[in-house]
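**Q** What follows is each chain in one-letter form.
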Amino acid sequence: MSGEWKSPAAMAIPKEGYFELKQGRYGPLYPRSPANHGFTIIAPVKPGHEEKVRAYGKTIEDAIKGTPDALAVLQLHYLRWVLFELGGVTYFMYQGIFDTDFDKYTEDAVALFNSLGVTTVFENLVGFPEDWKTNAPAFIDFVRKHQRPSFLEYAEYPYATAKEVKSALALKDAFGKMLDEMQ
Amino acid sequence: MTTATDAKPLELDDLQHFLLTRTPAMAARYEFLRFPDAARGRAWLSVLLEKVGSAHAVGDQALDARWVTLAFTWNGLRALGVPEAALAHFPAEFRQGMAARAEVLGLTGHNAPEHWKGGLAGDDVHAIVILFARDAAERDRCKAEHATHVAAQGIEVVSDLDLEAIPPFDHAHEHFGYRDRISQPVIAGTGVVPTPGSDAPIQAGEFFLGYLDESGQVPPLPGPEALTRNGSYLAYLRMEEHVGRFREFLAAHGKTPEEQELVAAKLMGRWRSGAPLTLAPTQDDPALGKDKERNNAFDYGTMDPHGYGCPVGSHIRRMNPRDTGENLTRRRMVRRGGTYGPHLPEGQPDDGTERGLAAFVGCASLVRQFEFAMNVWVNDPRFSELENERDPFVGTHDGTFDFVIPKRPIRRKLTGLPAFTTIRGGAYFFLPGLGALRALAANAFAQG
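As given, the protein sequences belong to chains B and X, one line each in that order.
Numbering-wise (our numbering), the first sequence opens with residue 1 and increments by one.
Numbering-wise (our numbering), the second sequence opens with residue 184 and increments by one.
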């Protein structure tokens, strides 16, 4: 850990979502910002499917309750799922902040989403490939096409990974217990 | 589109033997060919395809002295007359070719295509003939025979490479002296029983097109069934090994021969004998190294979670994180190949001659298997939450990366790792089944 976390930092990002074009396996790579890696996927929901999408919130809550480390491999900080109306169309916004470059672990995420049933929420989105189970490139293409890169990202503790944050909290806990024992 | 979910038997009469049979070859030759036109290419192919062994035939005839394998670049399939409509179905990475994907693979700097040899960075290579032979004499006999055939058909040899095993000949190893071929995936349906600690058999669809894969599905074929079924993709890499530089590095980082051996072992994750550090953390155990029943029988998660034995950044732990990795059944590949260039005996100064490994990995998806391995396992400096490391052997190094050896009470950090290897060339090939080779020779895919 280099100490970069001590000074809050913001990064303005060009319209393309990157400073220089670097090719990943599935397209341009997006830079790591002070707020780490992440994506924002926005896609219209099929008419009448809004409640199905909303119901998945509970599904995921239960899945994590049952298996708290179910998403550990993604090295996530946060996921945010939002539904909103625009021009009479309901849109689904899926925002994730994590410590890995999504291009690198795309297939792992897809496999994980499949095993947890997360992928099925995508079936409610307009344009999602019906053959996604066997057509990984089409699935990845859908995600890529609906990704909206940030033009500003900010972090109060820049570049700290979820693992580092958890280690720091665990250390704080341990010190607290140690001090209690010394009373 | 096939979507069956039952594993069907391997079509051993149609699959080329290359990825299924490890032949007892001590010499080899690779020839990279260009077809001046489709007719000459097909004429050459129609003669040579009779020499290509199926998995069934090679499995039966252990007395063979040579084994021939044929594979084609995307440009090569076009040069043989496969129509554009069929060619367009191949995945983007294969259509683009390895040189165009160099940045994705991390092949930059001294490893970039602009420095490659043998015409591999250009569009001229259409096909490769891989000849494995029992010894150099048989290799040279086949080489002469093929030279006659190539000349008769007017085929251009863009480049070639002769390979030979290096001493000592009692076990497979590369120029740095590490025992090789310890860990290979077992393909489901072959009947091979994995050695203790190795993965369970991997579904054939991870290596051959048209079979059930580890997703539980049979993925759609990328083009005409007669061309693609029973096919595989091959990624070829010619990797020079800088033996002198490697030995100097060991000498600079270990005061005694024992300390130097330990540094060598930490970089690889195994002692040069093959003994894994997880099982033999402080001292080499040559008997363990050669014992197939024991030399793969370990994991990392429970036996070595912090890497005090086998560093997290070591070659074998990056290339197969075992129980600490995710989705690994979808990343496995079959490796084939061998050493080229003369052996450099211990104690002799580097003579500047190129020597190294020229190898293929076989898989069903270059982007998901080979490119993932190069992009993430080999060249991601932050792989597995490391801070600034690349694979010490295969990674692209410019002296700015480190290698951390976890150790109590304080870790040891080797800074400024030099490049022990340089990539001298690479290419993507399609390895068709025998029926597809016959169909290509007969121009069966021509339009109309």
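Be careful, since some hints might not be right.
What the hints assert, rightly or not - FRET-style restraints, in silico, Cβ to Cβ:
| hint | chain 1 | residue 1 | chain 2 | residue 2 | range |
| --- | --- | --- | --- | --- | --- |
| 1 | X | Gly599 | B | Glu123 | 46 to 52 Å |
| 2 | B | Gly117 | X | Asp474 | 53 to 59 Å |
| 3 | B | Lys6 | X | Arg364 | 36 to 42 Å |
| 4 | X | Glu442 | B | Gly117 | 50 to 56 Å |
| 5 | X | Glu568 | B | Pro28 | 40 to 46 Å |
| 6 | B | Leu179 | X | Glu442 | 55 to 61 Å |
| 7 | B | Gly127 | X | Asp323 | 55 to 61 Å |
| 8 | X | Gly437 | B | Ser7 | 39 to 45 Å |
| 9 | B | Arg80 | X | Ala383 | 51 to 57 Å |
| 10 | B | Thr59 | X | Ala625 | 50 to 56 Å |
| 11 | X | Ala275 | B | Gly127 | 19 to 25 Å |
| 12 | X | Gly599 | B | Glu181 | 40 to 46 Å |
| 13 | X | Thr465 | B | Gly127 | 45 to 51 Å |
If you're looking for bench data, these hints aren't it; they were derived computationally from the structure.
Remember, it's a predicted structure, so these values are computed and weren't measured experimentally.
Each residue gets a CB set at the ideal place from its N, CA and C atoms; glycine is no exception.
**Q** Of the hints given before, which are not true for this structure?
**A** Hints 2, 3, 5, 6, 9, 13 are the ones this structure does not satisfy, whereas the remaining hints hold.
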